[in-house]
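Colleague: Each chain, letter by letter, is given below.
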Amino acid sequence: MTDYDLTNNEKKVLLALNELETAELKDIVEISDLNGDASMQAAFLLEEKGLAKVDEESFELYGLTEEGKEYAETGLPERQIIDSIDGETPLEDLRASFSPQLVGIATGWLLKKKWARIDDGVLIPSGSAPKGQDEDVLSDLYENSLENNTFDPVFELPAELASDKIISDLLKRKLLEKEEYTTRKIIITDQGKAYASEGIEITEEIAQITPELLKSGDWENKYYRPYKIQKPLKPMYGAKSHPYQRLIDQMRQIFLEMGFTEIKGDIIQSSFWNFDALFQPQDHPAREMQDTFHLDSRSENPDKYVDKIRAVHENGGETGSCGWGGRWSSEIAEKNVLRTHTTSVTVKYLADNPVGPVKAFCIDRAYRRETIDPTHTPEFEQLEGVVMDKDMSFADLLGCLKEFYHRMGFEEVRFRPGYFPYTEPSVEPEVWIDGLGWVELGGAGVFRKEVTTPLGITEPVLAWGLGVSRVAMLKLGLKDLRELYQSDIDWLRKSEIGKGI
Amino acid sequence: MPVITVDSKDLETLSGIDRQKIIDNVSMIGAEVERVEEETIDIEFFPNRPDLYSVEGVSRAMKAFFGMSPGLKKYTINPPQIEITIKKEVKDVRPVLGCAVVRGLSFTSASIKSLMDLQEDLHWALGRGRKKVSIGVHDMTGITAPFTYTTESPDYAFVPLDHTEKMTMTEILEKHAKGVKFAHLVKDMTKYPIIKDANGNVLSFPPIINGTLTTVTESTKELFIDVTGTSKEVYTALNIVVAALAERGGIIEAVKIIDESANKKESETILPNLEPLVQIIAQEEIETHLGFKLSADEVIQSLAKMGFDATLISKNPAAFEVLIPAYRADILHKYDVIEDVAIGYGYANIPAKLPENYTAGKSNPLSVSRLAASEAMISLGYSQVMPFTLTSEKIHFENMRRPVTNDVTYVIHPISEDQTMIRTTILPGLLEILALNRHRELPQKIFEVGEVAVNAKNKQKIAAVSIHHAANFTEMSEVVDAFLRETKTEYEIKESDDPAFLPGRVADIYVGGKKVGVFGELHPGVLTAFELGYAVIGFEADMSLIF
Chain A
1 MTDYDLTNNE KKVLLALNEL ETAELKDIVE ISDLNGDASM QAAFLLEEKG
51 LAKVDEESFE LYGLTEEGKE YAETGLPERQ IIDSIDGETP LEDLRASFSP
101 QLVGIATGWL LKKKWARIDD GVLIPSGSAP KGQDEDVLSD LYENSLENNT
151 FDPVFELPAE LASDKIISDL LKRKLLEKEE YTTRKIIITD QGKAYASEGI
201 EITEEIAQIT PELLKSGDWE NKYYRPYKIQ KPLKPMYGAK SHPYQRLIDQ
251 MRQIFLEMGF TEIKGDIIQS SFWNFDALFQ PQDHPAREMQ DTFHLDSRSE
301 NPDKYVDKIR AVHENGGETG SCGWGGRWSS EIAEKNVLRT HTTSVTVKYL
351 ADNPVGPVKA FCIDRAYRRE TIDPTHTPEF EQLEGVVMDK DMSFADLLGC
401 LKEFYHRMGF EEVRFRPGYF PYTEPSVEPE VWIDGLGWVE LGGAGVFRKE
451 VTTPLGITEP VLAWGLGVSR VAMLKLGLKD LRELYQSDID WLRKSEIGKG
501 I
Chain B
1 MPVITVDSKD LETLSGIDRQ KIIDNVSMIG AEVERVEEET IDIEFFPNRP
51 DLYSVEGVSR AMKAFFGMSP GLKKYTINPP QIEITIKKEV KDVRPVLGCA
101 VVRGLSFTSA SIKSLMDLQE DLHWALGRGR KKVSIGVHDM TGITAPFTYT
151 TESPDYAFVP LDHTEKMTMT EILEKHAKGV KFAHLVKDMT KYPIIKDANG
201 NVLSFPPIIN GTLTTVTEST KELFIDVTGT SKEVYTALNI VVAALAERGG
251 IIEAVKIIDE SANKKESETI LPNLEPLVQI IAQEEIETHL GFKLSADEVI
301 QSLAKMGFDA TLISKNPAAF EVLIPAYRAD ILHKYDVIED VAIGYGYANI
351 PAKLPENYTA GKSNPLSVSR LAASEAMISL GYSQVMPFTL TSEKIHFENM
401 RRPVTNDVTY VIHPISEDQT MIRTTILPGL LEILALNRHR ELPQKIFEVG
451 EVAVNAKNKQ KIAAVSIHHA ANFTEMSEVV DAFLRETKTE YEIKESDDPA
501 FLPGRVADIY VGGKKVGVFG ELHPGVLTAF ELGYAVIGFE ADMSLIF
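Chains as they are written, first to last, in full-length UniProt numbering: chain A, 1 to 501; chain B, 1 to 547.
Hints are supplied without guarantee of correctness; some may be wrong.
[Unchecked claim] Residues of chain B placed beyond 10 angstroms of chain A at every Cβ, according to the derived structure:
id : residue
1  : I23
2  : K91
3  : P95
4  : R103
5  : F107
6  : K175
7  : E233
8  : K265
9  : T269
10 : E284
11 : D309
12 : P317
13 : I343
14 : E451
15 : A453
16 : S496
[To be verified] Simulated crosslink set (BS3-like; lysine-lysine; CA at most 27 angstroms straight-line):
id : chain 1 : residue 1 : chain 2 : residue 2
17 : B       : K187      : B       : K232
18 : B       : K488      : A       : K240
19 : B       : K362      : A       : K402
[Claimed, not checked] Okay, the calculated bits of chain A under chain B, using three or more residues with CB under 8 angstroms as the criterion:
id : segment
20 : 30-40
21 : 259-267
22 : 388-396
23 : 407-418
24 : 438-452
25 : 479-492
No lab work stands behind these hints, which were simulated from the structure alone.
The C-beta atom is built at its ideal place from N, Cα and C for all residues, glycine as well.
Construct all of the structure, not just a fragment, from the sequences and the given hints.
Modeller: Here you go:
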């Protein structure tokens, strides 16, 4: 025979049905010892398996409204009027003895039922006013209500008592109240009967492991109800780190593994550290108001370096360079800016720690006066790494870059000449990205003597920087940089921890 | 950075190199091909190489790079036939002048455009918007030497380029397109610089506009070039322009410049001066800086590819005399020459290596505290966000019902009214993120550990907010308690009058007797200011006093 793989609940319902053949839910509840919901659910499952059938039947129940109750006692307004007069009566007189509203209601129905007509303000009875079905309905419901001690809509109206038209008129007159009910009848099928006749055994099944079960030792030899393991799930999202932070921390980890010290610095920097110490000429376009956020404050130039920085800008100082020429203004160098790159932090760190070996990195926010659009934001993360030691060379820089990018997951790296005012040689590393080709990913170089000598640094300094948000867009598949900073919480919930790693 | 549009046919003709070969290789001398069209190539060059800002410059560099014309390019200069005098008056306003004549030219519309583009790019790269350098080129047909560089009063009139009527210099500055654009460069002058010929005809009103008399057309055969300015870059710009014209077959002729205010010995200069600069560089310096061994021949050949002449002047230790072209603006130091050795050798051929020095990695304490605090908050069901740090008084104070404080850093020229200051607290930024996520499912719980600037110094703070229909003070008290327990911080709470929160549902957090933060139910006035439709609870604390 077919194994229907019934749950205990289904078995209990089927047994009840086998007894009742056709049942209402309440009857099943009584026999099966299950609650209503569980019984109904099991009944539906039995129907799916062809062992039972669930028939739905809907019907209407009626009761009297307050007004309907009143008219059941006193008669409908038109009945009251017609019974009260003998012959032609002016409406005027009627309004005096009944209320004008009642007369108003009554006249309409008197005409409609053809119990009377009106001529020039005078009501003329037709002489015939048979009791209508509507009056039968009212009195029937009234009696039922009194008998059952409730005026709620709980009574069926026998079909022979009134036509649909009569009932809808009474509903429209707001004399009746109606409620619709659905009842379900559950009927065992022949298949169900056949199955039940073979005997249904109810074995105890465990839904939930409980402390009692474990303590008592009863857990052995029990039947544990299996779950439908393929059932579709509602996704659950946990709290997590920002995907961008995860990427930044990945880069941080790479530097730490490569033996670098992590450094931090202030957002607000003097032009001295942001530009002048990096041999950025004072009339360089990047220093202008349209590219850099200037502040209404100043910082004193460090006495220790100011003369040397002046000399290096004006004539190269002791570096063997010819400098930029012109006059270097100490006042311009004092002006504070929002750091335009994290190099301001690393160069200050090198000045404070001028003897190698030093390996340091900084991943932090930098600021440029960019209008916000999908690929530009006025603040963005920058990564910066420096290596200072005797015997460091351009070839070591290329090696560091390759190692770093490989660890970032970019397998193919190539180098193009680049230009930055503070490095020489300068290089722009490019990485190969499938679908995009060679993508420029940062800049690097060996710090110029014009940068290192005035700060008392005698060893070569290798430096590289990277726009982190650019990598984030590539790795996180973003089209709009703003998504990093003004994040859609739905995106945060759904972005996988494993993405980009 | 300047993007040069090159007529690819012109470039092929001039260089004799296939355009695809140039497209494929030009980036290896320091450039980026931006766009390739049917007839043109857009190439972006670096700001330190203005000598490449023309078809002629690119052609010269490529011919050297591919070995068709390696080494220093020599240009012949014919002796001067023309004189120009720098009057004393002009010394106070725009003192530096360089001039040259180029004869035997034949222009096409493409080559005129290349010359005009070169001028504009030099104005940007060397001239800083014509301030330090401005260039005028003149058809010599209608003018007569000798010339004079002098000044005129603002009501002096002549017919400027692109006009047919005389205008006074004042009118030019007020009405002529170029005049309006560059008027700021002469605003402090009482008399304006001017170059005139022997008959008083105006060549140029530098740095504003040329006279119409010397307009260059396709029939122009001979050019007079003036470069005026305030610094030595004037001479570099002059060299770049004449060298470019010579690449096209022009014959350079010097100009004698007589400076009235200089002493006798220095009063006469013959320009242009295309004599190469000389650097002596030891081979060891090259090898140390670049980090690999090269033979003397390799050094010489690498430099030749980049347009330098190098000769071995001593063998043990090896040293080179390097001749640097006079049109190169970027050679400030011998390391700039060493870079060109590397570029000529090819970055791809350099054996990359890893430094062998040992160092131990070390986290910054601020990162250690950020990571610990983040773990604590994530474990409490809060997700991390990373809002902008630039904000406005409206968001930061007004929306928060808080008075403006005096520890704020403002930017002088904000881009928009939304970004006028650096935040001193994090909470407003979190509320903005909630506002952007009104349509997303609740509850939403977010936090940030981030930096703010208080009195121009960075400070690390933590803040968190939670929005849902039943968010209340008790919930946030428990979060704060759990966070501070996880971070091993003993704390006390005291009554708070922070106006951002609902009175009676707000508390200050104290650690070691010092106030470190605040938490509670955000004030309904704050919620409506951020257009939030449910209760929000939050906290913010100074991390430096917790960790």
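Colleague: Hint by hint, note whether the structure agrees.
Modeller: Tested hints:
1. I23: 14 angstroms, holds
2. K91: 17 angstroms, holds
3. P95: With a cut-off of 10 angstroms, B/P95 remains clear of chain A, as the shortest Cβ separation is near 13 angstroms.
4. R103: Given that every Cβ of chain A is farther than 10 angstroms from that of B/R103, nearest at about 32 angstroms, it holds.
5. F107: Label holds. Min Cβ-Cβ 31 angstroms, cutoff 10 angstroms.
6. K175: 26 angstroms, holds
7. E233: The claim breaks: B/E233 does not keep its Cβ more than 10 angstroms from every Cβ of chain A (closest is about 8 angstroms).
8. K265: 22 angstroms, holds
9. T269: The claim stands: B/T269 keeps its Cβ more than 10 angstroms from every Cβ of chain A (closest is about 18 angstroms).
10. E284: 12 angstroms, holds
11. D309: At roughly 20 angstroms from the nearest Cβ of chain A, B/D309 sits farther out than 10 angstroms, so the non-interface label holds.
12. P317: 18 angstroms, holds
13. I343: 5 angstroms, violated
14. E451: 7 angstroms, violated
15. A453: 5 angstroms, violated
16. S496: Answer for B/S496: holds, closest chain A Cβ roughly 27 angstroms.
17. B/K187 with B/K232: Within the cut-off at roughly 23 angstroms; holds.
18. B/K488 with A/K240: 22 angstroms, holds
19. B/K362 with A/K402: Distance of about 22 angstroms is within 27 angstroms: holds.
20. 30-40: violated (count 0)
21. 259-267: holds (count 9)
22. 388-396: holds (count 7)
23. 407-418: holds (count 5)
24. 438-452: Holds, because 5 residues of the segment 438-452 of chain A bring their Cβ atoms closer than 8 angstroms to Cβ atoms of chain B.
25. 479-492: Check passed, 8 qualifying residues.
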